[in-house]
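**Q** Listed here are the chains, written in short residue letters.
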Amino acid sequence: MTSPVSRGFHRRSRPAGAEAGKLPPGQHVTTDFPVLSAGPTPHTPLQEWTFSIRRGGQTLRTWTWPQFQALPAETVTVDIHCVTRWSKLDTVWRGVPVRALLDQVDHDAQYVLAFSDGGYTTNLPVKDVSGGQAWLAFDYDGQPLAPEHGGPARLLVPHLYFWKSAKWVRGLELLDQDQPGFWENYGYNNYGDPWREQRYTGD
Amino acid sequence: MARTAVHGRLSWQVATVGAVTEETDSVRTIALDLPDWPGHRAGQHLDVRLTAEDGYSAERSYSIASADGEPVAITVERLDDGEVSPYLTRELRPGDQMEVRGPIGNWFTWGPHDGGPLLLIAGGSGVVPLRAILRHRQRSGSTVPVRLLYSSRSLADVIYREELDQWSAEVRYTLTRSQPSGWGGFSGRVDEAMLARVAWPASQRPLAFICGPTPFVEAVAELLVARHYPASRVKTERFGGA
Chain A
1 MTSPVSRGFH
11 RRSRPAGAEA
21 GKLPPGQHVT
31 TDFPVLSAGP
41 TPHTPLQEWT
51 FSIRRGGQTL
61 RTWTWPQFQA
71 LPAETVTVDI
81 HCVTRWSKLD
91 TVWRGVPVRA
101 LLDQVDHDAQ
111 YVLAFSDGGY
121 TTNLPVKDVS
131 GGQAWLAFDY
141 DGQPLAPEHG
151 GPARLLVPHL
161 YFWKSAKWVR
171 GLELLDQDQP
181 GFWENYGYNN
191 YGDPWREQRY
201 TGD
Chain B
204 MARTAVHGRL
214 SWQVATVGAV
224 TEETDSVRTI
234 ALDLPDWPGH
244 RAGQHLDVRL
254 TAEDGYSAER
264 SYSIASADGE
274 PVAITVERLD
284 DGEVSPYLTR
294 ELRPGDQMEV
304 RGPIGNWFTW
314 GPHDGGPLLL
324 IAGGSGVVPL
334 RAILRHRQRS
344 GSTVPVRLLY
354 SSRSLADVIY
364 REELDQWSAE
374 VRYTLTRSQP
384 SGWGGFSGRV
394 DEAMLARVAW
404 PASQRPLAFI
414 CGPTPFVEAV
424 AELLVARHYP
434 ASRVKTERFG
444 GA
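Chains as they are written, first to last, in this note's numbering: chain A, 1 to 203; chain B, 204 to 445.
Honestly, I wouldn't trust all of these hints.
As the list claims (entries may be wrong) - Covered stretches of chain B (in silico footprint by chain A; criterion: 3 or more residues with CB under 8 Å from a CB of chain A, positions within the stretch not fixed):
| # | stretch |
| --- | --- |
| 1 | 266-276 |
| 2 | 324-334 |
To be verified - Restricting the straight-line Cα-Cα distance to at most 25 Å, the calculated cross-link-like pairs of lysine to any residue (SDA-like) are:
| # | chain 1 | residue 1 | chain 2 | residue 2 |
| --- | --- | --- | --- | --- |
| 3 | A | 22 | B | 254 |
| 4 | A | 88 | A | 36 |
| 5 | A | 88 | A | 195 |
| 6 | A | 88 | B | 418 |
| 7 | A | 88 | B | 371 |
| 8 | A | 22 | B | 257 |
| 9 | A | 22 | B | 264 |
| 10 | A | 88 | B | 288 |
| 11 | A | 88 | B | 242 |
| 12 | A | 22 | B | 418 |
Keep in mind the hints are simulated off the structure, nothing from the lab.
Glycine included, every Cβ here is placed at the ideal spot set by N, Cα and C.
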């Protein structure tokens with residue numbers, strides 16, 4: 001299909017050279033930090049916060065907030081890409097590599113289902129969270145992560161569309177079989193690679 | 204026809220622009236003639252792709268403003284520093300063509316079987332998907348009780364005003380920046396006192412839909428949770444920077 005040309009439509013501003021190669025197809029750069037959530041923002045006090053790794057109804061490992069904060073954290077600068085078409089470049093986060101958490105349990109699972117306060121879930125292949133490209137982030141831009149952006153802690157999986165970076169995350173369920181999460185059940189792609197523009201089911 | 208899941212890939216198709224309606228100084232509704240539309244649920248959105256003469260293209264998502272069975276329409280607010288919305292609200296004319304795919308999103312949607320009572324709360328152009336819900340409710344003959352609380356800067360900024368004015372029992376406005384003399388509606392931001400008068404009691408198991416700018420949605424959702432609305436019955440859609 002040839003795309004019809006929109007007379008009078010033109011590029012408003014050309015992304016700087018450094019940005020051009022960093023933008024997946026169909027995305028545009030924002031300098032804001034938009035929020036996309038399905039419901040009200042949960043507020044879990046840090047005294048009640050835990051992060052758990054579960055399998056088949058059993059909790060294999062749990063960290064309290066102080067235990068989690070004692071783990072070695074990294075500062076990372078990454079580009080994030082939301083399925084609603086904004087991308088934010090060079091965002092700075094501090095977080096614990098998910099691999100460091102998974103390494104503390106003995107498992108051979110192929111998939112994880114991240115679960116969050118408020119009932120949100122999202123599914124990911126284990127290889128996407130264990131290869132040094134996923135973090136459990138608690139700081140954004142040098143400040144504690146704000147509740148509307150997923151604080152106290154959220155997943156940060158920047159190589160996939162940002163809904164995979166579950167806000168308010170409280171743990172990972174280890175799975176043998178892939179199981180779609182929240183948005184994946186409501187019409188969004190099961191994997192969500194922005195460079196292949198996997199926005200919706202079937203993309 | 205309502206669908207609960209999207210199967211297969213959503214293909215781009217060429218839409219022809221039908222009627223264009225100026226809603227306010229900065230907002231217009233654009234009817235789209237689509238050769239292959241599978242129907243949609245109220246609250247869903249669609250993607251638009253514009254292509255320039257030099258091959259540059261840009262994509263955006265817009266809420267569908269119409270009910271299923273009506274001509275598909277989007278309502279677009281002009282953001283002066285935007286790339287696509289100034290084109291859609293200023294340059295686009297009936298008969299023009301552009302690419303569209305959809306419908307998209309199965310969460311922020313309502314159909315008669317979802318029940319209610321319905322509480323719809325809109326900030327600015329967040330009224331668009333809620334208007335689709337109102338129209339779908341009416342067209343489907345649903346008797347689910349509904350209330351819409353719509354926050355706008357001024358009366359001149361109210362989108363769909365003629366249409367909404369006909370729903371005098373169901374629609375309440377609040378104007379945050381300026382009110383005409385003799386204004387009988389609410390003034391100022393949505394607050395607890397306003398919700399005490401508009402929101403269904405939690406005991407009636409209401410279903411709430413909130414759409415608007417992020418700070419608006421955050422504030423209203425918190426007020427509803429404080430009124431003991433279960434979080435699972437408060438559906439939100441946010442736009443704009445935080």
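**Q** Now, for every hint given, state plainly whether the structure supports it.
**A** Checked hints:
no., hint, result
1, 266-276, "violated (count 0)"
2, 324-334, "violated (count 0)"
3, A:22 / B:254, "21 Å, holds"
4, A:88 / A:36, "14 Å, holds"
5, A:88 / A:195, "15 Å, holds"
6, A:88 / B:418, "19 Å, holds"
7, A:88 / B:371, "43 Å, violated"
8, A:22 / B:257, "21 Å, holds"
9, A:22 / B:264, "21 Å, holds"
10, A:88 / B:288, "20 Å, holds"
11, A:88 / B:242, "33 Å, violated"
12, A:22 / B:418, "29 Å, violated"
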